[in-house]
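The whole structure should be built from the sequences, with the hints applied where relevant.
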Amino acid sequence: MRIEKCYFCSGPVYPGHGAMFVRNDCKTFRFCRSKCIRSFKKKRNPRKTRWTKAFRKASGKELTVDNSLEFEKRRNIPVKYDRNLWEKTVEAMKRVEEIKQKRQARFIMNRLKKGKELEKEEAITEVKKNIHLIKAPHAGKAKQMEAKMVQKLQEDVDMADEDN
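Be aware that the sequence shown starts at 7, since it is given in my numbering, and climbs by one per residue.
Errors might be hidden in some of the hints.
Said to hold, decoys possible - Dumping the calculated DSS-like pairs for lysine-lysine here, alpha-carbon to alpha-carbon at most 25 Å:
no.: 1; residue 1: K158; residue 2: K147
no.: 2; residue 1: K67; residue 2: K86
no.: 3; residue 1: K100; residue 2: K86
no.: 4; residue 1: K41; residue 2: K11
no.: 5; residue 1: K67; residue 2: K106
no.: 6; residue 1: K67; residue 2: K119
no.: 7; residue 1: K33; residue 2: K48
no.: 8; residue 1: K108; residue 2: K122
no.: 9; residue 1: K94; residue 2: K79
no.: 10; residue 1: K106; residue 2: K120
no.: 11; residue 1: K79; residue 2: K11
no.: 12; residue 1: K108; residue 2: K119
no.: 13; residue 1: K154; residue 2: K141
no.: 14; residue 1: K33; residue 2: K67
no.: 15; residue 1: K54; residue 2: K11
no.: 16; residue 1: K120; residue 2: K59
no.: 17; residue 1: K134; residue 2: K147
no.: 18; residue 1: K11; residue 2: K47
no.: 19; residue 1: K47; residue 2: K33
no.: 20; residue 1: K147; residue 2: K11
no.: 21; residue 1: K11; residue 2: K106
no.: 22; residue 1: K134; residue 2: K149
no.: 23; residue 1: K63; residue 2: K49
Just so you know, the hints here were simulated from the structure itself, not pulled from any lab data.
Next comes the structure, spelled out in structure tokens:
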């Protein structure tokens with residue numbers, strides 16, 4: 007039993023599910039659902055179709071270069087059955103999957119962090135640009151008016167002292 011990859015969206019195709027298209031040159035294409043088959047027959051490019059893994063990797067939304075992704079590659083090397091080897095392989099697969107999940111989560115958080123910083127900068131620039139909407143026009147003038155009044159009173163007092 008082997009879980010194949012969908013040719014179009016890179017999703018899993020379980021045994022007994024999906025469809026297979028065989029071209030005249032005997033190249034086989036497996037598809038997980040009719041949506042993928044239709045898109046393939048319409049000659050759509052998976053890298054330009056937004057819901058595929060190929061698009062997500064091409065646009066930098068998903069982890070592309072990582073050593074843990076090497077373990078997913080298919081190897082057609084026959085190996086003599088050994089129970090200990092089988093157990094170690096299954097444990098290694100679980101560990102690799104765990105590492106891959108952690109790295110993907112870290113990659114996503116770093117990607118989101120950049121967006122949050124950009125959002126913050128945009129908010130600051132917008133506030134600076136439209137500060138007149140936030141701050142009332144006479145908000146700082148009360149202190150200025152008070153300072154002018156004190157200055158005028160001081161001048162009046164000085165003039166009165168000069169007259170006497």
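List in ascending order the numbers of the hints, as given earlier, that are violated by the structure. Structure breaks hints 2, 14 and 20.
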